[in-house]
Structure formats: C-alpha cells, structure tokens
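Protein chains: 2
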Amino acid sequence: MHVTLDGTVRELRTVWLEDGMVKLIDQRYLPFDLRIYEAKNAEDVAVAIEDMVVRGAPAIGATAAYGMAQAGLQGLDLKAVGDRFRKTRPTGQDLFVAIDYMTKASANGTDLVAAADRYAQEDIDRCRNIGKRGAKLIRNGTRILTHCNAGALAAVDYGTVMAPMRAAKEQGRRFFVYVDETRPRLQGARLTSWELLQEGIDHAIITDGAAGHFLGRGEVDLVLVGADRIAANGDTANKIGTYGKAVVARENDVPFYVAAPTSTIDFTLATGAKIPIEERSPQEVLHLDGQPIAPKESPARNPAFDVTPAKYITGIITEFGIRKPSQLGLLNKPAAPRKKGTAKKSR
Amino acid sequence: MHVTLDGTVRELRTVWLEDGMVKLIDQRYLPFDLRIYEAKNAEDVAVAIEDMVVRGAPAIGATAAYGMAQAGLQGLDLKAVGDRFRKTRPTGQDLFVAIDYMTKASANGTDLVAAADRYAQEDIDRCRNIGKRGAKLIRNGTRILTHCNAGALAAVDYGTVMAPMRAAKEQGRRFFVYVDETRPRLQGARLTSWELLQEGIDHAIITDGAAGHFLGRGEVDLVLVGADRIAANGDTANKIGTYGKAVVARENDVPFYVAAPTSTIDFTLATGAKIPIEERSPQEVLHLDGQPIAPKESPARNPAFDVTPAKYITGIITEFGIRKPSQLGLLNKPAAPRKKGTAKKSR
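First to last, the protein sequences are chains A and B.
Each residue of the first sequence is one higher than the last, beginning at -12 in our numbering.
Each residue of the second sequence is one higher than the last, beginning at -12 in our numbering.
This is chain A alone, in the form it adopts within the complex (with noise of 0.2 Å):
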C-alpha cells in the first residue's frame, strides 16, 4: 500500500520477513505515528495479534504465517508455536487456515520461508479478484456505509472491503463513504479513514449510532463489511456493531455486501451459532488513549464481534465473485486444494 508519510510515499505491506524479524505496521499508532513493530520470536508474534499491532481476519493469518517461518528459521517446535497462535484471537477463521497451511507445507518439506510468501502473495491475489468482482456494486455517486477496518492494513495489502472500492476508483468512478468510527477501538475512524485519505476517496467518519440515521433516510446505497468468520450458511461474525447495520439495511432495502476471501469461510461450521465471540477487556470500553471516559467502578462488557445471520447478507463478495450466502457451498471444493499445501499462485 501507499503511505505517505512527511511528503514521501513508501511502499509497505501489512506484514512481512525481514532480517530474521517478523515486521508488522504497527496499526495502534495510526494515522498519527508510523512505527514498525519488529517481533523477534513467536511470543512476540504472538503478542501483537493479541494488543492489536495487527488486526483483520486476512492479516492475522499472513501474520501467523510469517511467525511460524521464523520459528522454522529458529528451529522451534511448529506445533506448539502453532498452539501458542490459536490462543490469541479466537474468532477470525484465517488465523487457524494459515496455521493449518504452514503446518502441512512443513510436513511436505516445504521451504517455510517460501511458503509463508505465497501465503501472503495469495492473500493479495484474493484480495485484488474480491476488488474486480465487487467494482461492479459501486457506480458514480453511490453512497457507501462501511464498519471498522477491512482494508489493506487488515489483509496483506490492498484490502477487501477497501479491494472494489480501490478498483471502482481505479476506474474512474466518484462515490462517496461514511466511515463508522467504530468503538471502542476505532478502526474506522483512525484506519479506514487514512485508507480513504491516502486514496484520495471521498468520505465522511461517523459514530456507529449515526449510521442508522443516514441508512433511514435513504442517504445510503449500499453497506459494504468484511468478515472474520463465514460459516458454511453464510452466517458472518464481522466486528461488534455489524449485525444492527444488517439488520436497519435490510429494514430499509439497502444491499448488504460482505466482502472477504474464501480463506474467511469456516465450512466446518454448520452456522454462525458456534462461531467463538472474543470477550475483549472492559478497559477498552472504559477508556480512550489510556484517558477515563466512565467513572472508575462502572463495569463494562466487550464483545470485539457479532453474528450477523445470512438471511441480512445480500451478497458475499469473494475472490471467485459475488456469491448469495446459500451459494457458499459451491466454493468449498476450490478452496480444498489450498487445504493440502498444493495451492497455485494462480489462484
């Protein structure tokens, strides 16, 4: 992705292998401060999926990949860094897809180094087919509504959410986004927004409870989210708050688009009921850049996700195209091959 920074533009993925050290954009100081994170060892590694240096389904899973091909480097048990990563974050499905890719390419005397490369490489080759496919829902003038941060700071690079929305630009076309700020974090307004900025795409942040009000109106075309979990129904857990923007769209005949690689879709689960929801501190709730906003002994509560059921989703955007969540089992057979360590560049 492009970051301009002080007037000069690098070039930077989300995460990559450098000099035996796994190198993230440290996404907590965005857009305020550029600073790489550089993790060492698989703790921490480990450590930043669970403080956030990294966040989104897709860069949670090249993370993971990286961190186990530095662990192959330092000769560590694959399996138990392995274990160490499941621990960290338990919704998103692509962390334990790329554990499972690292794993097998390992047993298959892979280089894990390579590996963990084509890992990534394939992250962005999903993410720039999810854009080709999804151009299509944005025309000139449409007025999006997006939640959190599902662009290329929470995949490899280029994004998902952020994917049509970057080829709809590529293209020529003018639309407008309002960005939910999204508490208690705040992804939309600190990471979506310097997305939007750095494109030069216009938009608006908003807090969460105002989306409501615009999609009421009738001052929203279309909602476009990403996913951190797809059961095989199409059920989709995506950041906390997603679910009653589904809900209002559809109560207004708004279409909800999903947009998220096949990687995201857990077909082992039958539907969205069983999908772990991370319970995250209350700290995060009861404060802002370490400031008090409640007073000191009013608990809070934190779900970090939300379900939202199929029959809310117009559409899943993926890599293979726009699929209606009752489609979704079409695409467990190409996704197998990727399964068993066999998956093409090409894909």
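Since the hints were derived computationally from the structure, they do not count as laboratory data.
Cβ coordinates follow ideal geometry from the N, Cα and C atoms, glycine included.
Hints are not guaranteed to be accurate.
Claimed, not checked - Computed Cβ-Cβ distance ranges for the label pairs, DEER-style:
| id | chain 1 | residue 1 | chain 2 | residue 2 | range |
| --- | --- | --- | --- | --- | --- |
| 1 | A | Asp(-7) | B | Gly7 | 38 to 46 Å |
| 2 | A | Arg15 | B | Glu284 | 15 to 23 Å |
| 3 | B | Pro286 | A | Arg204 | 15 to 23 Å |
| 4 | B | Glu265 | A | Ala260 | 24 to 32 Å |
| 5 | A | Arg204 | B | Leu60 | 40 to 48 Å |
| 6 | A | Arg73 | B | Glu284 | 51 to 59 Å |
To be verified - EDC-like mimics (lysine to aspartate or glutamate), calculated; alpha carbons at most 16 Å apart, straight line:
| id | chain 1 | residue 1 | chain 2 | residue 2 |
| --- | --- | --- | --- | --- |
| 7 | B | Lys298 | A | Glu238 |
| 8 | A | Lys283 | B | Asp20 |
| 9 | B | Lys283 | A | Glu238 |
| 10 | A | Lys298 | B | Glu238 |
Given chain A, put chain B in place with the hints provided.
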C-alpha cells in the same frame, strides 16, 4: 438528586436560581468533577445550552424558564431573550414549551421566579409520575437497554427513563441495565452510569455498536429511551443511535418504550418528518477530550438526533400513563391548560 462526592451526600437539582444567578450542574465535567456553572445573564444561559453544560430536553426547558425569570429580574426584553433561547438547540420540544410558558406568565403578570419554580416543580412531578406509571414494566431480573442519559440530569430531578428504574428500585426490585456509551458526547458512559451508581443499580457500559449483539442474543428484555420531541403520531426524535436500536429491538420482539413527559410532545407536527435535526460540530466526532482520534484531513458528519418512526415504539410512558403512539392525541387536551398558563401544581 443525591450527589455523593468525597464521601458526603449533597442534594442538588440540575438547575436552579440563586443569588440572581442561574446555577447548573456542569455536565461537561461529570463524572470526574462536580462543578457548578453560574450564568450571570441570558447570554450565559444560552451558551450553557449550546455548549451542553446542560442537556436533555426537560432540563433545557427548565433552564430556559429560569433564564427568562433571571431576565425578568434584570428588566430585559423577554421576547428578545426568548428568541435568543429558541436559537440554541432546535430539536428538543421542551425548550419551546418553557419559553411559551414563561411568556404567558409574564403576560398574565405572574411573578417570573415563582413561575420558573413552578415549571421546575411540575417537571419533577411529571418525572415522578412517569416513574409510578413505568415501574411495572420492570420486574426482578429484567435486563434493560438504555441509550444516552434521560436521568435526573436530563430533567430538573428524578429523570424520565431513570424514573421507572428509580421507582422499581424503591420497590425493592433487582434488575440490570446495559448502558450505551452514546458517542460522540458519551452521556451514557459518563452520566447514566454515574446516576446508576448513585442509585446502586447493576449495570454495564457497552459501546453503541454492541447493543445489537445483546438484543440479537435474547439478552435484553426491555429497551427504555427518552425523547427530545415526539410528533402527534408518536414518531420520536431522540439521541442519535436510538432509531437503529428500535429497529433491531422490533426485529427481535423486544419491547421498546419511550419515557417522556407530555411537555415533549409537539402536537403541531403530524409526523416526525418535520422535526428539525440538529447537526453539531464535526469536532465532537473527530476528538475526544480534546484529543484527535482521526486523521486531521478527514471530515465528519454529526447529526445529534434521529427520528424513530412510531411503528417501532411499543409504548410511551408519560406522566398520565403508558400510551400507544396512536393514542397520543388523547393527551392533547389535558396538556392544553398548561399552555394557557393555568397549570396546576397537582398535575
């Protein structure tokens, strides 16, 4: 209201007149500091309303009433003062009711300080009756969701949404309240949680986006919100974010009640379509406690209220009882005498 501060309990109202000054609990500093704002003249009062030293439709009404009483003491042109107050915040109805009330009192030669005191006392009486009428909705174990603050601080005392909760608590019932933090100004996290702590009512603060999650999982039994203006058909303007909650509540068959005194009903508006929606400074969205939370180049939109159509509202808890939105017209008659300046304290 009881205000526990540094171990001592003080008994305060949201607004009162003392030593020729309109005094207000400065709600911008709660729950961290209890400061009293002292308005020396009508402009100070107007600025207090604009800058949200005081907020909440009934509290704004009472503040305007005391502001006009003060203006009367200072020999000012009441019409000009009323016109200044009318420009402060366009959405809430009580402001206009209070200005009319004081204008009539002046025309009738009534002592204006006595009139303002009577207006304030009537507000408290209305709130207490809302409590009596609404308490039956709350049983042992009821899990309530509320949005923004419609507590004692949003009225002169006792509150509107808080009234049924206080009454149920006084009757010995135990229940639980999910408190939406209510961005951008965080009235839920800062004020409602503080009031619930004072009352010893179990609660948890949640982000605005998390409300849908709890509604969707059957973990909310009752939604209780306030109102800034209610049209004759029951369409209700309330803090931004209310509409989305109402849609998700109905989708999940969770009863959705508005608690508001009849002073909030605008019988001159047939529907909510013409309720003016105040759009406040984008800086409220882009900052928190003076700290930027978004790139400085990103714009924001900041509608302060939204309108919930009557079809999503199970009932409106007024001082006269719980009414379906379609039954509001019946309340027009008893409310009428007050407009003529003949309101009785016993109402």
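Against the structure, the hints come out as follows:
no., hint, in the structure
1, A:Asp(-7) / B:Gly7: 38 to 46 Å, "violated, 56 Å"
2, A:Arg15 / B:Glu284: 15 to 23 Å, "holds, 20 Å"
3, B:Pro286 / A:Arg204: 15 to 23 Å, "holds, 18 Å"
4, B:Glu265 / A:Ala260: 24 to 32 Å, "violated, 41 Å"
5, A:Arg204 / B:Leu60: 40 to 48 Å, "holds, 44 Å"
6, A:Arg73 / B:Glu284: 51 to 59 Å, "violated, 39 Å"
7, B:Lys298 / A:Glu238, "holds, 12 Å"
8, A:Lys283 / B:Asp20, "holds, 13 Å"
9, B:Lys283 / A:Glu238, "violated, 34 Å"
10, A:Lys298 / B:Glu238, "holds, 12 Å"
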